[in-house]
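So you can see what is in the structure, the chains are spelled out below.
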Amino acid sequence: MSALNPALAEIVEEFSEVPEADRLELLLDYSRELPELPPHLAEHPELLEQVVECQSPLFLIVEVGADQVVRLFFSAPPEAPTTRGFASVLAAGLDGSSAEEILAVPEDMPARLGLSRALSPLRMRGMSAMLGRIKRQVTEQLATA
Amino acid sequence: MSLPLENNPNYAQYAHPERLVSTDWLATNLGAKNLVVLESNEDILLYSTGHIPGALKIDWFTELNDEVTRDYVEGAAFAELMASKGISRDSTVVIYGDKSNWWAAYALWVFTLFGHEDVRLLDGGRDKWIAEGRETSTEKPAVTATEYPVIERDDSVIRAYLPQVLEHLGNPLIDVRSLEEYTGERTHMPNYPEEGAMRGGHIPTAASVPWGKAAAADGTFKSRAELEAIYFEEAGLKPGDDVVAYCRIGERSSHTWFVLKHLLGFESVRNYDGSWTEWGNAVGVPIVRGEANGELPVKRGARA
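Which chain is which? The protein sequence lines are A and B, in order.
To convert a position in the first sequence, counted from 1, into our numbering, add 1349.
To convert a position in the second sequence, counted from 1, into our numbering, add 1.
It is possible that part of the hints are untrue.
According to the in silico footprint, chain B covers these stretches of chain A (three or more CB under 8 Å from chain B) [unchecked claim]:
no.: 1; segment: 1355 to 1366
no.: 2; segment: 1439 to 1446
no.: 3; segment: 1449 to 1456
Here's a subset of chain A near chain B, in silico, CB distances under 10 Å, partners left out [said to hold, decoys possible]:
no.: 4; residue: 1431
no.: 5; residue: 1432
no.: 6; residue: 1433
no.: 7; residue: 1471
no.: 8; residue: 1472
no.: 9; residue: 1490
no.: 10; residue: 1492
For the record, the hints were derived by calculation from the structure and aren't laboratory data.
In this text the structure is predicted, and so the values were computed from the model without any measurement.
Built from N, CA and C at the ideal position, the CB exists for glycine as well.
Construct all of the structure, not just a fragment, from the sequences and the given hints.
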């Protein structure tokens, strides 16, 4: 099993330490903390890729820097708090990580949050899809760098 | 005692106007004795961000489904759930939700399986209430638990299982998913997660009427004349038809079930809640790919 980078590992631990009944509240807290898009993206929403597997509109974009440090940006409406919560977990756990760390995140990472009894399978798949698309964008940008 | 029906001339056009209330009616009646308001959303966290004052949350995934049997809860569990929400058998239950009441209609359909008599939808749902600038609250309402009788679920009238859909072939079917899901078109780009079903397409002869066509821009239901144009003229239904509607897991088709049953007055409408998740994975049942409804197969597959 590949390892999670420290920031994401800490979030997974945070979720696993609260009782199952409180995990949704924690996800709601995360949904409120999703960072706004920076101006260069807020003015050009067309640059973001839609994660169509999510049941609510969710857009993301990855920027791999020359030093291979990866920036992640997400956009989701306030009326989609679950989707925002997932995006916010990935933003808090992976923004500023190295490309290598992001590509090493195990595919089952969403399941490790312990939410699969509270959230429908399609929701969980939406989060896996976000992760999959992030990795694909990182791989593509590394290839063209 | 149930609450009096809303006397709204706008709803008189529908077959069963008693199944709808307007945001005005609800605002006036909030807090009435024996009225329970439930919010049923696609997004499980949305209720916590603010809801109609006094409304309770009902979650289709964690509360209406049985964890083990891949089915809805049984009578005893439903009775317990109702009691915990302060609902009596004679309560007026008004359900509303996000996305044009898509999941609210699903909850209403499940209530109907248990024969709860007075269950109504808030026309326009959550979005309309908020768009009108009406009050919301994040306060969790206090509930006085009630007693609710154990009523066994009746799956025989408004629900279809796969074998019954096979028997139904030759009668009208409505596929309420998006056109892409209906045709079986797939994205084959690398690293894009695959669909949950083995095969893409639709049940042979099913007409495609995406569920959202029945909703107006503000989330309310379209007028009866507009609905008749969609379901009679475009989809080819005739009054009195025996209809089965389906989607991916039965949620979107509950919305269409509501439209056909309560707004257009079809007597016999069933929701096939196994839907494409089951049909698209089932052994020995026929499918059709592409935009055409398709012919009834002579050889229907081992199961048919």
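**Report entry** Proximity test - 8 Å, beta-carbon atoms, the segment 1355 to 1366 of chain A to chain B, at least three hits
**Finding:** That given contact is violated, which follows from only 0 residues of the segment 1355 to 1366 of chain A lying within Cβ reach (below 8 Å) of chain B.
Given a cut of 10 Å on the nearest C-beta pair, is the interface hint for residue 1431 of chain A held or broken against chain B?
holds, 5 Å
(message) Tell me if the interface restraint on residue 1492 of chain A is satisfied: Cβ within less than 10 Å of some Cβ in chain B.
(response) violated, 12 Å
Grab the minimum C-beta distance from residue 1471 of chain A to chain B and call the hint holds if it beats 10 Å, violated otherwise. This interface hint holds because 8 Å falls under the 10 Å limit.
Worksheet entry | residue 1472 of chain A as chain B interface residue, shortest Cβ-Cβ below 10 Å | holds, 8 Å
Between the segment 1449 to 1456 of chain A and chain B, see if three or more residues pass the 8 Å beta-carbon test, and mark the coverage as holds or violated. violated (count 0)
Item to check | Given hint residue 1432 of chain A near chain B, where the shortest CB pair must fall under 10 Å | outcome: The hint holds - residue 1432 of chain A has a Cβ within 10 Å of chain B, the shortest such distance being about 7 Å.
- [ ] Examine the segment 1439 to 1446 of chain A for residues whose CB is less than 8 Å from any CB of chain B, and state whether their number is three or more.
- [x] violated (count 0)
Let me know if the C-beta of residue 1490 of chain A comes in closer than 10 Å to any C-beta of chain B, holds or violated. Violated - the Cβ of residue 1490 of chain A stays beyond 10 Å from chain B, reaching only about 14 Å at its closest.
| field | residue 1433 of chain A as chain B interface residue, shortest Cβ-Cβ below 10 Å | value | Holds - the Cβ of residue 1433 of chain A comes within 10 Å of chain B, reaching about 8 Å at its closest.
Checked against the numbered hints above, the structure violates hints 1, 2, 3, 9, 10; every other hint is satisfied.
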